[in-house]
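Participant: Residue numbers (this note's numbering), protein chains in the order written: chain A, 2 to 271; chain W, 3 to 468.
Hints were generated in silico from the structure; no laboratory data involved.
We put the beta carbon where it would ideally sit given N, CA and C, even for glycine.
Do not rely on the hints blindly, as some may be mistaken.
[Unchecked claim] Below, in silico cross-link-like pairs of lysine to aspartate or glutamate (DMTMM-like), each with a Cα-Cα straight-line distance of 25 Å or less:
1. A/LYS243 <-> A/GLU166
2. A/LYS134 <-> W/GLU418
3. A/LYS243 <-> W/GLU418
4. W/LYS337 <-> W/ASP305
5. A/LYS243 <-> W/ASP419
[Stated by the list, open to error] What the simulated footprint calls covered on chain A by chain W, stretch by stretch (three residues with Cβ under 8 Å from a Cβ of chain W suffice, anywhere in the stretch; the number is not a length):
6. 8-14
7. 118-132
8. 164-171
9. 205-216
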Amino acid sequence: MTQFPRLRLAYLYPRLMNLYSDTGNVWCLRQRCAWRGIDLVVDELELGAEPDFAQYDLAFIGGGEDRQQTIAAHDLVHTKGPALREALSNGLVCLAVCGGYQLLGNYYRPAEGEDLPGLGFFRAHTRHFGAAKPRCVGNAAAEGPYGWLVGFENHGGRTMLTGSEPLARVRVGFGNNGDDSTEGAIEGNAIGTYLHGSFLPKNPAIADDLLSRAFRRRGVETPLPLLDDRAEGQARAAMFRKLGVAKDADSGPSELGFSKRGRGGRDGAT
Amino acid sequence: MQPRLSAALAATRLASWASAAGGRGGTSLPGLVGLRVEPLLVTKLAGQLDSAIVVAGTNGKTTTAAWLGAALRADRRPLIHNREGSNMLRGVATTLAKRSALSGRLGGGRPLVGLFEVDEAALPVILGQVRPSIVLLTNLFRDQLDRYSELALVADHWRAPLRAMPASSTLVLNADDPLVASLGDDVTARVLYFGVDSWPGDRRAQLASSADSLYCPGCGGALAFSSVAYAHLGHYRCPACGRERPAVAVSARVISEGVHGTSLTVSMGDQSIEARLATPGRYNVYNAVAAIAAAVTSGVPLDRAVAAVEAAKGAFGRAETIEAARRTVRLYLIKNPTGADEVLRLLASGLKGGDLLTLLSDNAADGLDVSWIWDAEFELLAGWGGRVTCGGTRAEDMALRLKYAGIAGSPTVVPEDVGEAVRSALEGTPVGGTLVIVATYTAMLAARDALARGGHVRQYWQKAGA
């Protein structure tokens with residue numbers, strides 16, 4: 002298994018930003034590498050650390066509570082900011098979930114108080130409307146180039162894309178903002194999403210895509226060996242049944258792409 | 003005579019009969035119906051109590067309240083306790099109504115102590131209506147964030163009603179939980195802190211991955227921990243503003259711990275008493291010290307409180323052992339990463355070898371979001387010898403989690419019906435063998451119900467006494 006070099010993952014703020022068990026995403030990447038005989042080294046980078054992001058293949062950042070997110074935002078923008086932004090522009094593969102996704106956008110505008118500047122990588126911004134709009138909470142399903150995505154969302158902020166492509170179209174749930182039926186964002190090799198649950202174990206196509214992107218960046222084009230994903234398929238199928246979405250939803254990547262089917266509703270087609 | 007109150011009490015009676023006729027022990031419907039007729043039902047009935055004690059927190063409140071109840075009974079206090087499960091306002095209403103005459107008189111005029119286990123979200127309204135003389139707060143962990151959204155918000159939601167408590171009342175707080183300890187800031191009520199002074203070897207300096215309260219509740223700086231009991235409970239100090247674990251009035255020193263129980267010394271002032279807890283787990287040490295601290299606050303002598311807690315068993319469904327069809331069934335409630343980690347550590351440390359049935363459900367009382375299973379260390383079960391099956395409404399999610407945890411073979415997903423799952427797991431376990439069940443709240447109730455229907459255990463609402 003020497004054709005796959007060792008990968009390095011920068012896990013940003015594992016303690017500060019792990020509100021909804023986002024750590025399961027990192028664990029998923031590590032296991033899917035281990036099952037293929039690939040070595041994935043995970044470095045935990047907390048407040049104050051100023052790593053050389055050029056030495057990393059992947060980065061991950063999860064979500065936190067408001068106060069913790071404010072602390073992380075300051076560190077992310079001022080301490081790690083320039084190096085991280087440059088690495089992302091050079092194709093660093095990244096997954097950002099919930100609060101982490103918000104922090105990689107242009108800014109976060111709270112219901113009260115001043116705007117919180119973000120890293121400015123995703124062309125997107127987030128607003129919290131306070132009590133005027135309810136939190137976006139519940140099981141969710143979305144459809145896009147990666148096929149169907151499932152997860153649980155729980156966010157108060159609403160994200161508007163101002164240039165970045167959406168990751169998927171919402172079929173059940175709120176997604177970025179509950180209005181325009183977009184969910185998440187893709188920019189270069191970085192993916193942002195509101196889905197947790199954890200996200201990657203239930204959406205292994207994305208997990209493997211992140212790894213493939215990391216290898217391609219290292220010049221390795223060999224496809225990843227296939228894994229037995231029956232347990233993943235079973236968990237996805239159970240959620241599709243629960244949400245009443247298409248029975249054949251998991252038959253492969255969608256050919257529909259970003260079609261104009263109804264937003265946020267239940268897709269009863271079989 | 004208060005006609006509206008009497009009408010409300012009559013309505014609760016009808017609702018109890020109706021739910022009893024349906025074969026269910028209604029613990030919330032009667033109260034709900036009564037509150038519809040008389041919104042002040044709880045205020046009017048609780049006002050007749052001699053005193054009231056409220057227990058709240060994320061983990062262990064049922065066990066803590068049960069042990070506190072045992073200590074109060076040992077001191078011959080006539081007690082009224084919402085032990086049957088519902089810990090919302092309606093559950094408190096059901097409990098009070100059951101002990102009231104239709105005239106609206108509570109407990110036949112005897113001076114009763116009210117002991118109420120209370121849900122995190124219901125605490126403010128219940129404090130306003132019950133007006134307790136003692137409030138015991140155990141800990142705050144991430145649990146059901148789909149209901150409460152953020153941990154700090156739960157604490158903030160509690161601060162104003164706690165500050166409104168009069169000087170004659172007492173707040174009994176866990177000194178080892180930074181966020182809970184901070185609830186004693188700027189209150190009028192007296193504050194009594196409890197905590198655990200030392201563990202054998204103090205082996206855990208590392209904070210668990212599920213630790214929640216790592217930042218100073220005062221200034222937001224990172225807390226420095228000199229010792230950690232589990233998760234974020236321990237001895238801490240904020241290097242930035244100097245806030246630290248407050249001095250404790252009731253404390254424990256743990257001498258030895260294992261799967262069969264814990265030996266410890268409980269101290270208050272110049273008194274020290276050796277004790278032995280049969281229910282294992284560090285979380286149960288906190289449950290015990292919390293119950294003892296609240297008991298002595300209400301006037302129970304320390305030795306009597308300690309003896310009562312030593313003699314008490316786990317509350318229903320929490321670390322319970324049941325003999326069923328010539329097999330041993332061990333039931334453990336899991337509902338969030340911290341509690342689950344303690345159960346998993348216990349299982350990993352000595353109970354391996356039996357069959358394991360996990361029951362993960364996502365009904366409202368369990369929490370709709372099952373993400374937390376990825377924060378619990380199921381890796382501890384890697385190498386589990388027996389058969390592993392997964393049931394509950396989110397069985398497939400747990401099977402996936404166990405796959406990533408490296409549990410050998412792929413766990414079997416059994417029918418969604420929990421009763422079916424329990425029956426088939428029990429049949430699959432050899433006679434004389436052990437079946438370990440770890441279950442979320444509603445799955446635990448259903449599992450116990452299935453065992454009760456098989457005649458192996460009494461329904462929890464049939465327990466003698468109140």
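Participant: A separate judgement is required for each hint: does it hold in the structure or not?
Facilitator: The hints, checked one at a time:
Note on A/LYS243 and A/GLU166: the hinted pairing is violated, with a Cα-Cα distance of about 28 Å set against a maximum of 25 Å. Of the supplied pair hints, the one linking A/LYS134 and W/GLU418 is violated, its CA atoms being roughly 35 Å apart against a limit of 25 Å. Between A/LYS243 and W/GLU418 the alpha-carbon distance is near 12 Å, which keeps this suggested pair within the 25 Å criterion. Pair hint W/LYS337 plus W/ASP305 does not hold up; C-alpha atoms about 33 Å apart against a cutoff of 25 Å.
A C-alpha spacing of about 15 Å is found between A/LYS243 and W/ASP419, which places the hinted pair at or below 25 Å, so the restraint holds. Counting residues of the region 8-14 of chain A whose beta-carbon sits less than 8 Å from any beta-carbon of chain W gives 0, not enough to reach three: the coverage restraint is violated. Under the rule that three or more residues need a Cβ within less than 8 Å of chain W, the assignment of the region 118-132 of chain A is violated, with 0 such residues. Judged by the Cβ-Cβ criterion of 8 Å, the region 164-171 of chain A is not covered by chain W as claimed, because only 0 of its residues qualify and three are needed.
Using a Cβ-Cβ cut-off of 8 Å, 0 residues of the region 205-216 of chain A lie near chain W, which falls short of the minimum of three, so the contact claim is violated.
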